[in-house]
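**Student:** Chains as they are written, first to last, in our numbering: chain B, 1 to 372; chain H, 1 to 372; chain P, 1 to 372; chain Z, 1 to 372.
These are computed hints drawn from the structure, not numbers from a lab.
Do not rely on the hints blindly, as some may be mistaken.
[Stated by the list, open to error] Here are the simulated SDA-like pairs of lysine to any residue, each with C-alpha atoms no more than 25 Å apart in a straight line:
id	chain 1	residue 1	chain 2	residue 2
1	H	280	B	314
2	P	311	Z	184
3	H	70	P	280
4	P	162	Z	264
5	H	203	B	162
6	H	280	B	206
7	P	280	Z	264
8	H	203	H	311
9	Z	311	P	203
10	P	70	H	203
11	Z	203	P	260
12	P	203	Z	327
13	H	203	B	206
14	Z	280	P	169
15	H	280	B	110
16	Z	280	P	314
17	P	280	Z	268
18	P	280	Z	324
19	H	70	P	330
20	B	203	H	311
21	B	70	B	165
22	P	34	H	70
23	B	311	H	263
24	Z	70	B	203
25	Z	311	P	311
26	P	70	H	317
27	P	70	H	263
28	B	34	Z	324
29	B	162	B	332
30	P	280	Z	70
31	Z	70	B	34
32	H	311	B	263
33	Z	70	B	314
[Unchecked claim] With beta-carbon atoms standing in for the labels, derived distance ranges:
id	chain 1	residue 1	chain 2	residue 2	range
34	Z	182	P	204	30 to 36 Å
35	B	274	Z	321	41 to 47 Å
36	H	329	B	274	39 to 45 Å
37	Z	170	P	325	52 to 58 Å
38	P	146	B	182	47 to 53 Å
Backbone N, C-alpha and C define an ideal beta-carbon position, used for all residues, glycine too.
Number of protein chains: 4
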Amino acid sequence: MSSVYGEKIKVSLFGQSHSEAIGGTIDGLPSGIKIDLEQLQNFLQRRAARGAISTQRQEPDVPEFLSGLKDGVTCGAPICAIIRNTNVRKGDYNNLLNVPRPSHADYAVRCKFGENADFSGGGHLSGRLTAALCIAGGICIQYLESLGITVGAHIYSIAGIKDTPFNEVDITSEDLQKITAKAFPLINDTIEETIKARIMEAKADGDSVGGIIEFAAVGLAAGIGSPHFGGLENRISAAVFGVPAVKGIEFGNGFACAELTGWENNDAFYYDENLNVRTKTNNSGGINGGMSNGMPLIGRVAIKPTPSIAKQQDSVNLSTMENVQLIINGRHDPCVVHRAVPCIEAAVAIAITDAIQSDHRNDSNRLRSILI
Amino acid sequence: MSSVYGEKIKVSLFGQSHSEAIGGTIDGLPSGIKIDLEQLQNFLQRRAARGAISTQRQEPDVPEFLSGLKDGVTCGAPICAIIRNTNVRKGDYNNLLNVPRPSHADYAVRCKFGENADFSGGGHLSGRLTAALCIAGGICIQYLESLGITVGAHIYSIAGIKDTPFNEVDITSEDLQKITAKAFPLINDTIEETIKARIMEAKADGDSVGGIIEFAAVGLAAGIGSPHFGGLENRISAAVFGVPAVKGIEFGNGFACAELTGWENNDAFYYDENLNVRTKTNNSGGINGGMSNGMPLIGRVAIKPTPSIAKQQDSVNLSTMENVQLIINGRHDPCVVHRAVPCIEAAVAIAITDAIQSDHRNDSNRLRSILI
Amino acid sequence: MSSVYGEKIKVSLFGQSHSEAIGGTIDGLPSGIKIDLEQLQNFLQRRAARGAISTQRQEPDVPEFLSGLKDGVTCGAPICAIIRNTNVRKGDYNNLLNVPRPSHADYAVRCKFGENADFSGGGHLSGRLTAALCIAGGICIQYLESLGITVGAHIYSIAGIKDTPFNEVDITSEDLQKITAKAFPLINDTIEETIKARIMEAKADGDSVGGIIEFAAVGLAAGIGSPHFGGLENRISAAVFGVPAVKGIEFGNGFACAELTGWENNDAFYYDENLNVRTKTNNSGGINGGMSNGMPLIGRVAIKPTPSIAKQQDSVNLSTMENVQLIINGRHDPCVVHRAVPCIEAAVAIAITDAIQSDHRNDSNRLRSILI
Amino acid sequence: MSSVYGEKIKVSLFGQSHSEAIGGTIDGLPSGIKIDLEQLQNFLQRRAARGAISTQRQEPDVPEFLSGLKDGVTCGAPICAIIRNTNVRKGDYNNLLNVPRPSHADYAVRCKFGENADFSGGGHLSGRLTAALCIAGGICIQYLESLGITVGAHIYSIAGIKDTPFNEVDITSEDLQKITAKAFPLINDTIEETIKARIMEAKADGDSVGGIIEFAAVGLAAGIGSPHFGGLENRISAAVFGVPAVKGIEFGNGFACAELTGWENNDAFYYDENLNVRTKTNNSGGINGGMSNGMPLIGRVAIKPTPSIAKQQDSVNLSTMENVQLIINGRHDPCVVHRAVPCIEAAVAIAITDAIQSDHRNDSNRLRSILI
């Protein structure tokens, strides 16, 4: 297994950068979920390349649904959707065959799969595969919405320039929808130009920048998830590290908790005016013991600067066994953080969907035969 | 599934804080692995409670092997080992039944499992279960050692007081063994007393402190792991979040990469004098595209301050539906970071073992019938 | 993975014939299931050895529950129960180390696990492991009963002597309970002595006999199971072949359908007087397309004659590489069919429990946060 | 999960009878397997409809590979292949929406998936999905061939007319290849006309016939598979019941063993002249304790008469809640046994591939880092 995720649902990704198509299958979603294809397309558009701060590769990224929908509604059969690879330029990457790109997977792929691996454009490890992830995730987002659960994310920082963080206790579904509707998802829009200027500066320098993405899910009932290995943190991280360039994940206040005392860090419970159980702070990020506690689920993900840079770099030639210099041609993003935002939403939504579907069944009426 | 981990091996944990026993089963390990029980006991001892800076609960934690070994060697059958719970004081926790402890799993457990859940001492979510994890992990550590792979970890920081980090490119198996042999695993022993004093200060204050643990694995061949969801980061994080109190994980330079440029962050390849492929830096933590690249696998884990503190805290009474004050009696650790070090080693070793056993088979001689 | 079963629940078996204990873990059962330990003991007793027609090995088979129950009710944590191996006679099997018993697993075990395998008494493949299966299955049977679903089985034939088959369309929960309460579970008790005499005849001859077991589940709602690989037949057969000596399984009329025409074989639907949908015949055994159709789920399993016979047999000495003669000492059953009946019930109940828990969740009220 | 199979490899099927396409993904196959597309096409052709004894639906069934191959060789990325549904006639099945066809999955599908299910042409449960299974299986067959393992099957009987069975101890790879090259795979070709006449007779009568398929795999090393739930019988049956119309499976002599004694049934070991370990008989079908013993793996599968018959049948109208008469229009096979032969080969090959890839890794040289 490599590209299959899930305990109860199975999300299976396939495709290489320059194969006929990329795509994904979701097995195990309930029937009766109405899929708004326009909303899905908007979601995919957020991931797609565009503008000066992104790669020039322009592909439409319109998924073709091969199965699983009937009149736009899930019918219970596995959903498969594909996107054709139309804008293929294989020659760009020929020199990578023997000279692995620093901090790319080329070398590890060769060690694992040998000479027969498809290195072209990153092969199966291409960032392009995130389009397939976003199809699956975009569907899960709509499924969760039908349950009253909203998933969203924003740029927490790029190159150290920080957005306003989520309000950890009061964030609402509406807040998330407002942010994710933006072309450049920031809470504090006044920093957008500063960030873009920094990205363009890196681009001009043949370089790239990284950043941090903050994600949230609101509306999730308490008690979803499981102790130990079936926990929400385990499931979400297992999905999120499937997004290329992710190098870290934290929940709630995350690494910052390491410098707090228990008294400072604990989230005190209280009844609000509607007799809902809430916590005064949300350092736990809505998760205790791997299970949701009813508060907003919040976390952050570190995205490394894209390793495909235009500067000349040191590498090795695996054929001649010599140290060499490498210049990577082709189309590159000076920053993928903004494009990774919907990818993180997708991964989080897939993980939460799986956790929900993996929950115990206790609706015994459904299970008992109606035969009298 | 909640307490079962693994794709090819299956590590299954069971037990509650005050049930008859806790334990674990490992299914899928190869036969022929010699298990050094004394070494395993030393490993478990590192996790066990002791001294002023830890809880007073003193249980021997000597595992009884029920199956899977023959003359101290794995026979290929599932290995099950248990530890009896001898020092049980159920009464300590009676007041927690209706008043959930802040930042503990009590409330989430009740929402998931209802009134029939076992809340006593944290039930199945007790830190005590990490003894079962350490049995499984201690065995995997010995298995990996038999392959030439060493796993180790140290206290990276407690309450903000920082140890020297691992040398990311040059760390050796011997380095790891030297650190993990210490009672208080620091690279820079001169800070030990400062840290312990800070822990005792928190204890005197009825409070607790958190920290960060750094882990490493050396000797792993390049090409282990898988793209996307089967990656080493996915597998390791899915295991590590099974350790209570973990709130974040990062690989290589982790969150710090978000403020670097690609030029600064990329790990240039080179041939060393023995014609091994290495990288000059190791910001990737030994992992590219989910697969090992032959360099040391390195990461860090955030451990929150233990939420069981002696100070009076705000909470709710779920029976009377009132806001109340809570004082937690019983035995508590003012810091669990040092005790969590072997737990993280265990989780990492289990994940790497699973990744290794999940690798493709390509030794076709083994698979072909010898019938002529 | 070898001894772990299940998609949503995980049943994990461990132990060898002569290890400290055998046992099993069930992960993923809902909380709140009351376990009647006396009923479970009666169930285990049906599998245990007794009387002239069975082996002389007499072990009490009283499970010790290590975890997962609180006051006799499942608490949602994994349930682990063990049975100590008290009556161990390792010497009996020493000659099997190099001389594999015909139609036993000795040779295959050696090829898979090598010299370090535990061959003593069949090791992990001993029929004794079915006691662990029956603990897990007995718990699932009680869970299913709480949903109104009854699982049962009977001796369909031994050595060709046939019992009356289940009434495929009208069998009730009461019918099943009546049969499974019998010491020798036959529908037609008048053949009991004939069968037992045939078994004693085989025993006197140093030989053994096989038979067929018929199983049923009634009360299962229509629509449980899944198309293709998640079907009830797939799940049940994957569990049932975990019972040693099973060499075939069929559902409904099974192999007999191969000689019928579609017109003869099709089960016509009709509304009964209560407007329940039923079928006039039940050649499908209650399963269409892998899913239950509301009719009784019925099937049969072939049990081979136990291969441990007292007669001298041809075999090989793997050490000297010579053809040799083998006489198997020790305690053997001349027939295991009657003892396998509860094992088949256990396997079927585990599979149905897993299918039920793997069903889609659609109770959205449970999943939506109650926060206003 | 419903349409995903496998522990180490994941075969995921998708598509409905009248969706845009059907297809399948195989994740986890090693890189470097050369896929002979012409051989695969020949394999698919065996399953495809043709001639008087089959349905008139004529679709080319030429798979389009979307991913996973590079220059016709597996590159280690998931392989996805699809077949477009071109010959769609949705109207044929409209009357089935409320009137379930006897012994079809229509009713169970409605109970599971509700009104949103896709009933058209059997939806996801259509026999057409076996084309996707055969793509995956055909690839696994070629993979196994590269290891020296051959999988094949033949018509064991149709409507009670029996072919010569496989020679259980002496069957060779060449024997299997000779049989599977036939248009109508019989060992004894002299019965072909008798069988076809019987099928045409059923067709003329608006009826259908069933049969039995015998499968074999030769060249498999001893020791593949696992005890208990990971056994070859468990894995193969879990795959084979994914083929529609299968109602039973047996290994070796199967149900016949129930009437033999142990002495008659046991397979005595011996050394042949090349000092290979063999058995004199093969009642075990090459499997002991779930693991291969080096002898040919042999079993049989019962295929029910196709339930789509032209005769008027009793059924119910789920909308009006009345008992009604049903006449099924559309295109039907009077017999699917011959077309199911490659499907069974496919399922068996997938299961064996998964068992092989799930075997323990013990080639430690591959796993140890080469860094000095």
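**Student:** Of the numbered hints stated earlier in the document, which are not met by this structure?
**Tutor:** Numbers 2, 3, 5, 7, 9, 10, 12, 13, 14, 17, 20, 21, 22, 24, 25, 27, 28, 30, 31, 33, 34, 36 and 37 - these are the hints that the structure violates, sorted from lowest upward.
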